[in-house]
Every structure is written in structure tokens, then in C-alpha cells.
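Novice: Here the protein sequences line up with chains A and B, keeping their order.
Sequential numbering of the first sequence, starting at 44, is according to our numbering.
Sequential numbering of the second sequence, starting at 891, is according to our numbering.
Hints were generated in silico from the structure; no laboratory data involved.
Just so you have them, the derived chain B footprint on chain A, three or more residues with Cβ under 8 Å: (1) 58–72; (2) 362–369; (3) 443–453.
Using 20 Å as the maximum straight-line C-alpha spacing, the simulated SDA-like pairs for lysine to any residue come out as follows: (4) A:K352 with A:Q373; (5) B:K1004 with A:Q373; (6) A:K369 with A:K449; (7) B:K988 with A:W53; (8) A:K138 with A:N293; (9) A:K356 with B:G1034; (10) B:K988 with A:I60; (11) A:K449 with B:L938; (12) B:K988 with A:G58; (13) B:K1010 with B:A1025; (14) B:K1001 with A:P368; (15) A:K62 with B:P1029; (16) B:K1001 with A:Q54; (17) A:K146 with A:K182; (18) B:K1018 with B:N1078.
Only a predicted model underlies this, so the values are computations on that prediction, with no experimental measurement involved.
Virtual Cβ for every residue (Gly too), placed ideally from N, Cα, C.
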Amino acid sequence: MRFLFDTETWQEIYGSIRKNKLRTGITIIGVLWGIFLLIVLLGATRGLENSFKNAFGNLATNSVFVWTQSTDTPFKGFQKGRSFRLTMNDIDVLKSEYASEIKFLAPRNQTMNLIVRDFKSGSFKVSGDYPILDQIQKKSLTFGRFLNQNDIMSMSKVAVISEEMVKQLFDKEEMPIGQYIKINNINYKVVGVYEPSNTVNFDRDTAYIPFTTFKKVYNSSDKIDWMMITANNGVNIEQLEKDLLLTLKNLHKVHPEDKRAFGSINLGKEIGRLTGFLTGMQFLTWFVGIATLIAGVFAIGNILLITVKERTKEIGIRRAIGATPKSIRQQIILEAVFLTATAGMLGIIFGAFTLYIIDAGFGQGPDAALINPTVNIPIILISCTILIFLGTLIGLIPAHMATIIKPIEALREE
Amino acid sequence: MIKIEKLHKSYPIGKDSLHVLKGIDLHIKEGEFVSIMGSSGSGKSTLLNIVGLLDIHDQGNYFLNGQLIKNMNEKKAAILRNKFLGFVFQSFNLISYKTALENVALPLYYKGLKRKERLKIALDYLEKVGLKEWANHLPNELSGGQKQRVAIARALVTKPKVVLADEPTGALDSGTTDSVMGLLKDINNEGMTVFVITHEQEVAEQTKRIVHLKDGVIINDFLTKEIKKA
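The shape of chain A in the complex, shown without the other chains (with noise of 0.2 Å):
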């Protein structure tokens, strides 16, 4: 092992690589390229990764989604095709039987509205909410407060809109808090203006409104659109997707088979195909990856044997002056590795330049596609490993080629 540590050694693997640089770069362009590519797809599948969870990240993951339809199969003399509504009745009932799985549950009612300020105005989305719709999907507030529970109790006239709405239905430069917009012909007092996110939203342009004002402006009783549900943490959000529609269904006197009758969409399913998806690209950036290391120091094996052919008469004068084959093969394994872990950190500084670089281009503000593109320490560190035990195995065969040519028919090699 001393010999590692000893700068003849490294003098001597100077000497036969500067002897011939271009060869020497040439070879190691496929290890660096392996490792380059390792690290850059590594980066950018995390930098995946954390877009796709920021942009869940205003929105509570194990959430289920729930409306109703209309039904497929006839039931308790009800014929099939009957159409029905969720009541606030469903909303009591979930409340008491799941109450130990249910975090939060927002019942919602939307509808589509002129608003009306002076002489602007626009088409939007009006919704009538609870307070709680802020803890299943957080909205980010540029002025004013949400809705509140008091706007609730008291039916208050008030609404939360968005910074497109004001800029549609407001003056430049106007503050819109404390001001009416005109919803259906009644005044409205904006309280608060919100940021739409860029993420995965369900109302783009709402304005928010009391549920109770709601109710009693459009007469919608006691019927509701739809409903978010919100589990706490632990539960499988699955099951208490089929747990939930079936009480529903039961409620509603709907076959508990009934494919039709109640549309629902699950988020913590559809996050779990995203983190499959997620995971197939790491696995197929590792198979690539290495796949393209082992190719690259295959390339160097290939080299450095092809430079022990050409050197078979440098070797043989070495051996002539008193080179030992243990000599002979330590250098040229050494320099195998020593072109392999070049390389390798060749590729691994130019593959963090680039994730900087992509992390500098699209990895920052709300609309980065990649976030934080990064890889872990202990991945270069394995790969550093890996990297400097494939050359080692790869300078074997050389090193063998070059000890069992004898001196003497080395020498005779013109």
C-alpha cells in the first residue's frame, strides 16, 4: 500500500500519461460522461421530485373529493339514472361516525356569476365556503383575512377575491379591501385578495363567500355541490374513500354497488401514481447511469490495453533495468484507476455545473419545473467507490497482459 503514497509512483504515471494527452482525454470521456450523466438525471429527477411536491404542497395530500351523479342501478324501487344532491344532512352524519378519521371536512356549493364594479365587470367562479377550506388547501392572502366564522354566523355580505379579479374589476393601483363588488346584484364587501397558486388548484378566479350567505342568496337550502375531505394523519385514505361513499350511498337509498352515483376523486391515490412514476425514473437514471460507468471503464480497460501493447518494448527495457512484474502491474492498475476516479470527478464537477446551471435557469419561482435539482453527498460518494473498484478490476487485465510478455520478447518488439 506504501507505494500509493509515494511520489515516484505518481511521477512515474505523469510521465506515460503526459506522453500521450489526447489518447488519455479520449479515454476518458466515457466515464465522464457515465458519472456526468448520473449525477445531471439524479438532479433532475429530484429536482422533479420536489416540484411535484411543492406544488401539492398548499393542499392537504390525503384528501378525497366527493360529489354526486347520478345512478347506474335501479334501487328500492327507485328506477336507475335518478339524480340526487349531497345535503348538509351527509355533512352531520360523516362528521359523528368518522369523527376520529376525519381532519377536516368542507362542504362547498359553486356557481358561476357576473360580477359587477361600477362599469367593469367579469364572469367568475362565486363559492360558498367555510373557514375551513383554508386548512385543505391554503390560500396565500396579498391583503385582507379569509373568511371567518363570524362572516358565518352573522350571513355577512363579504367576499375574497383574486389578484386577477381585482385587476379586472378594479383600477390600477385602487385598494380593493373595504370596497363593494356587485355579485348577482348584491353588494359584497371584498375583504381579502389571495394569490391564485400555480399548483394544483380546483378554483382558479373564485370569489369565496360565506357558505351561509350562499345558501340563503341562491336558495341552494340544503343541498351542497360537493364536499372535501381532509383524513388525519395515519388513515388510509383509501379505504376511507370506500368507507364514506358506501354510508353515502346507504343515505341516499343508492345500490352499494353503484359505480355512477357518487364521482370522487382521491388525491392521495393520484400522488401515490406520480411517486411511482417518480420512483421509475430514479431506477431508470441508476440503470442508465451505471450502465454507461461500466462502458466507459470498459473503454478504459480497452485503452490501457491497447497502451501496454504499445509499450511492450518500454516495458521490456523497464524489466531489463530491474522493474519487477509486481512493479509493472502496479503501475498500470494504479493508472487505471487513476483515469477512472479523474474522470469520474471530472464528471461529477461538471454534472453539479450543470445542475446549477439548470438549478440558476428553471429552478427557482413559483413556475420552476425543477426545484432544488440536487444529489446527495453519499450517491457521489458511492459512485466515487464504485468508480475506483471498477478500475481497479479493469487495470487487471492490462496489468496481466503486460507481466507475462517476457522481457526478452518485449525487447525484440520494434
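Chain A is fixed; fit chain B onto it per the hints.
Specialist: Just chain B now, with coordinates in the frame of chain A:
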């Protein structure tokens, strides 16, 4: 120094074998300056390779510095070569990407000396062959005679017991031949055993003992006039 008894060597050529050395008896004492003469195919190069531990004999005994050479493995041979033998080749065999000084210092590297020490000793030997000013030149910047003198310096740098020279003047013109032979003579005068292979009469005549080889046997072995005069 070198003692050879009934040495046989044959090379397999296809199914047959070529009997190159057919019972050589040769005794070279320390400090001798011997040349082996013979036409090509006489077996002189084979003899030198065996003496130089680059090849193995089939039969007979070979004693180098009193040690019986038998069952040599490559490692042992390498160590003995480094310790006892210095090689000078017809085609110089310098390493092209190393300077004259580095070439001379290389055997000391395999001997395990430190770089500083190595370069210092190497420079002394380059000075001895009159090439101190050329120390940092690459071999292709040197003339044939200069290259051979660098090679001689390299052969001497480990202070070997025997210098083996295989047609050392084969690639040189007559002027440089004389200077190289003069150098070998000087080395011999300092007490080193020098063993030269040549097919040139003039070169052989500058040594102290000529051994004629023909078809793998020694046909005559005599001391030159030069020594008789002295």
C-alpha cells in the same frame, strides 16, 4: 564472475526445435573485457540473454557472482538484474518521453532510492559520460553516440558487477563507435566486467579477450594482442 558449464539452449519452432547453444563452457573472471564474436545465428545473442537473465537455459549450469542460476522466477530475475547487471543495447532502448537524466535514474527507481538521491547519482554518471549539459534533453534531441552514452550511464548507475552490451556500436558510425568503445574501456579499467557482443572485427579487437562462436559452439577463445603488448 560468470561461469558457464555445458550450457544448452533450444527454441521450439513448430514441431521441431532449433538447437541454438550446444554445450558452451565459458568462464569470465571479474574485471575482464570480453567480446563474443560470431555471425548472425551463431547463438551470441541467446548467450547474452541467458547471461543477462532475460532468458532461461535448458541444460548446464550458470553461476553469476558465484550464485547458481536455477528456477528463476521473474521477480528474482528482476532483482538480480537490477543488482548485478547493466544492459547496453544496439538500439539504445531509452524511454522516449523521459529526459536523459530520468532515463539514467530509472534503474535507481526500481532499486528504491529517493528521487533527489537518484537524480544526483544519475547526474554524476551523465557527467562521467560527458553529457552533463544534455541532462534535460529528450532522447530524440540527442545523436546516436550521445544516446548510447546515456544508455551506458544508465547501465552503470546501479554499480553493477557486469555490463552486458549487445552490439553497442551496431547503429553508430566509426567515429562514435570509437568514443563508445573508449568509454567501455574506461569502465573496464576501473575494474568493471564488460561483456560485449559484436560481429565487427575492429570492435572486438579493442577488447581484451575474444570468444568466437559458431553454430552454438565456441570455436576459439584468445586474448588480444593489445593485452600482450601491455
